[in-house]
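Novice: Sequence:
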Amino acid sequence: MTAEVVLFSVMVMFPDSCLGVAPPGVMCAQVLTPGTLQIVRKGDAIYERRCPASGDCRGDTLIGYARDGS
Numbered sequence: 001m002t003a004e005v006v007l008f009s010v011m012v013m014f015p016d017s018c019l020g021v022a023p024p025g026v027m028c029a030q031v032l033t034p035g036t037l038q039i040v041r042k043g044d045a046i047y048e049r050r051c052p053a054s055g056d057c058r059g060d061t062l063i064g065y066a067r068d069g070s
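Each step along the sequence shown adds one to the number in our numbering, with nothing skipped, and position 12 is 12.
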């Protein structure tokens, strides 16, 4: 299993209950939702993770790869 490293984490106010990323065809409650936006590294891959304040994080979204390969 590859170690996970949180590179960046910031408290944010998401614009809706879907944390600003609504799946196609899904209606989200239009209510401000506090949470965190994180950038996470797993091996060479870099992911974005959105978490509501409850801590129930949503799936990671691949956003790129580390250049140094370490």
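Quick caveat, the hints were computed from the structure, so don't treat them as lab data.
Where is the CB? At the ideal position from N, CA and C, for every residue including glycine.
Be aware that one or more of the hints could be misleading.
With beta-carbon atoms standing in for the labels, derived distance ranges [said to hold, decoys possible]:
#, residue 1, residue 2, range
1, 15, 39, 18 to 24 Å
2, 62, 24, 17 to 23 Å
3, 31, 2, 31 to 37 Å
4, 43, 17, 17 to 23 Å
5, 27, 2, 34 to 40 Å
6, 3, 56, 34 to 40 Å
7, 66, 16, 28 to 34 Å
Novice: Next step is simple, just say for each hint if it's right about the structure.
Specialist: Verification of the hints:
About 20 Å separates the C-beta atoms of residue 15 and residue 39, a value consistent with the hinted range of 18 to 24 Å. The hinted range of 17 to 23 Å is satisfied by residue 62 and residue 24, whose Cβ atoms lie roughly 18 Å apart. Range check, residue 31 to residue 2: about 35 Å between beta-carbon atoms, so the 31 to 37 Å window is met. Distance hint check: the CB atoms of residue 43 and residue 17 are about 31 Å apart, inconsistent with the given range 17 to 23 Å.
For the hinted restraint 34 to 40 Å between residue 27 and residue 2, the CB-CB distance of approximately 36 Å keeps it satisfied. For the pair residue 3 and residue 56, the beta carbons lie near 22 Å from each other, so the given range of 34 to 40 Å is not met. The supplied range of 28 to 34 Å is met by residue 66 and residue 16, whose beta-carbon atoms lie about 31 Å from each other.
Consistency note: the structure conflicts with the earlier hints numbered 4 and 6.
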